[in-house]
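2 protein chains.
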Amino acid sequence: VHLPITSRDNQWFRRFREAAAAHRDEIVLEGPKQIRDAIAAGWLPIAVAVEEQSEQAAGVSATEVTFAHSLFRALSDTVHSQGVLALFHRPSSRLLDLFSGAGLVVALDAVQDPGNVGTICRLAAAFGAAGVALTEGCADPFAPKAIRASAGAILRIGVVRTTRRELIAAASERRVPIFAAASSGDSDRPVPVSPAVLVLGSEGEGVSQEILDHSEQIAIATAGTIESLNVGSAAAILLARWFEQRRG
Amino acid sequence: VHLPITSRDNQWFRRFREAAAAHRDEIVLEGPKQIRDAIAAGWLPIAVAVEEQSEQAAGVSATEVTFAHSLFRALSDTVHSQGVLALFHRPSSRLLDLFSGAGLVVALDAVQDPGNVGTICRLAAAFGAAGVALTEGCADPFAPKAIRASAGAILRIGVVRTTRRELIAAASERRVPIFAAASSGDSDRPVPVSPAVLVLGSEGEGVSQEILDHSEQIAIATAGTIESLNVGSAAAILLARWFEQRRG
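Chains C and Z, in that order, give the protein sequences.
Numbers in my numbering are just positions in the first sequence, counted from 1, shifted up by 34.
Numbers in my numbering are just positions in the second sequence, counted from 1, shifted up by 34.
Among the clues, some could well be false.
One-sided excerpt, in silico: chain Z residues whose CB lies under 7 angstroms from chain C [to be verified]:
| # | residue |
| --- | --- |
| 1 | 160 |
| 2 | 257 |
| 3 | 267 |
So these bits of chain C aren't anywhere near chain Z, every CB distance computed over 10 angstroms [stated by the list, open to error]:
| # | residue |
| --- | --- |
| 4 | 133 |
| 5 | 195 |
| 6 | 219 |
| 7 | 256 |
A few chain Z residues that don't get close to chain C, going by computed Cβ distances all over 10 angstroms [to be verified]:
| # | residue |
| --- | --- |
| 8 | 49 |
| 9 | 70 |
| 10 | 87 |
| 11 | 97 |
| 12 | 100 |
| 13 | 104 |
| 14 | 135 |
| 15 | 159 |
| 16 | 162 |
| 17 | 208 |
| 18 | 246 |
| 19 | 264 |
| 20 | 271 |
Since the hints were made in silico from the structure, they are not lab data.
Idealized CB from N, CA, C, for every residue including glycine.
Input sequences plus hints: build the corresponding full structure.
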């Protein structure tokens, strides 16, 4: 019989808590489906945590710890986790990996909402983009809310935290054009099927001037009654359009 | 000097609380921008509530009440409301109004997440749809989270709660074809520019069989690595495609 851990000083509790909150080298996945998907995608769990009296069997060959209810709930709500969490190393892709396949690199410029980051990672995976690059000021793509919004897609595509400067340099070095979604852009210009970077900005600010200075701007035509689209909606429309053109 | 209301038995407190929680005949809008937008769109406030010591001046000709902090926070968080709320009559459009303009009626079938409902109302407004019809089981479009996700668009387009049965009857009576987004559909079929209903279903269940039985199905082609798109993403792609065709 496992006695549940009840102390907030316990090393595992502290490690899970830090991973869930601090966005550092380890991340926490919630619930049996996310954990199974990650393992299926080749990830190796460091440890699995089960809530006291939960009926979850982790079924994973990793260190297993049992937390008392109060501790478990400090890490995750029961609805999302269904009584099981797992600790993983944060995946580390490099920016140049995204450019290696001559596909479309989706870049997010200071998109702060983790739900939007997750939604766009899901779209990037659905439409076969090469991966997602996140500049300064973006939400952590491995925050629980972002992973949920990605419906697990984030576990299967390359996601890289970078800077505007590195992104511009990487594209320039490989002569890959940058396209920025901006309401002042040309709404009839498609994202080219050849290698390209597609940048989406934050809802309030749009794409930063630093990136606009190195980009061609594309817009989405609307009926003109609303100022702007949600960044997730804009990504959906531009990625679907790119995918259709690629299919020919 | 206004003395702030401190009693939870106060009639105004109870009325705001019921409107915020119970999804009945009155609704609550949060924050100066939402309230200004609603008034600009022709809505008349019943009353305005200000948080004690808030620097908000409502600037609206309606009954004004001041709530103590604790009461105000029971109605809305301070971040979203910025210290001011207003009570309005729930707008009442009729299903037949949506069909009167020979445009595109967007219908949501049991879409439970208020964020998705709001996002799709925003898209419907952005692309000039005739309005949004919600079947049984949809989230309340005038819940605070839905209004926020709509970025206020919900205040400017017709939104109607209806039933699958009424929707099918209204379309059939006017010989307006129904198109349902479904992964088994034809990914090359566009939504026609002539009057039509476009139905999007819940993420888990898709469009109900009852509606599918009266619909042609359209799908969105993807790279095939992910099971489905978020319903907000699907709506963005199909509405943008419809709008582009209409522009010609």
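Here is how each hint holds up against the structure:
1. 160: holds (4 angstroms)
2. 257: holds (3 angstroms)
3. 267: Because about 4 angstroms separates residue 267/Z from the closest Cβ in chain C, which is inside the 7 angstroms limit, the hint holds.
4. 133: holds (19 angstroms)
5. 195: holds (22 angstroms)
6. 219: The assertion about residue 219/C holds, with a minimum of 15 angstroms to chain Z.
7. 256: violated (4 angstroms)
8. 49: holds (31 angstroms)
9. 70: holds (14 angstroms)
10. 87: holds (27 angstroms)
11. 97: holds (31 angstroms)
12. 100: Given that every Cβ of chain C is farther than 10 angstroms from that of residue 100/Z, nearest at about 30 angstroms, it holds.
13. 104: Given a closest Cβ separation of 25 angstroms, the condition holds.
14. 135: Label holds. Min Cβ-Cβ 13 angstroms, cutoff 10 angstroms.
15. 159: violated (5 angstroms)
16. 162: violated (3 angstroms)
17. 208: Consistent with the label, residue 208/Z stays out of reach of chain C, its closest Cβ about 23 angstroms off (over 10 angstroms).
18. 246: holds (22 angstroms)
19. 264: violated (6 angstroms)
20. 271: violated (4 angstroms)
When each numbered hint is compared with the structure, violations occur for hints 7, 15, 16, 19, 20.
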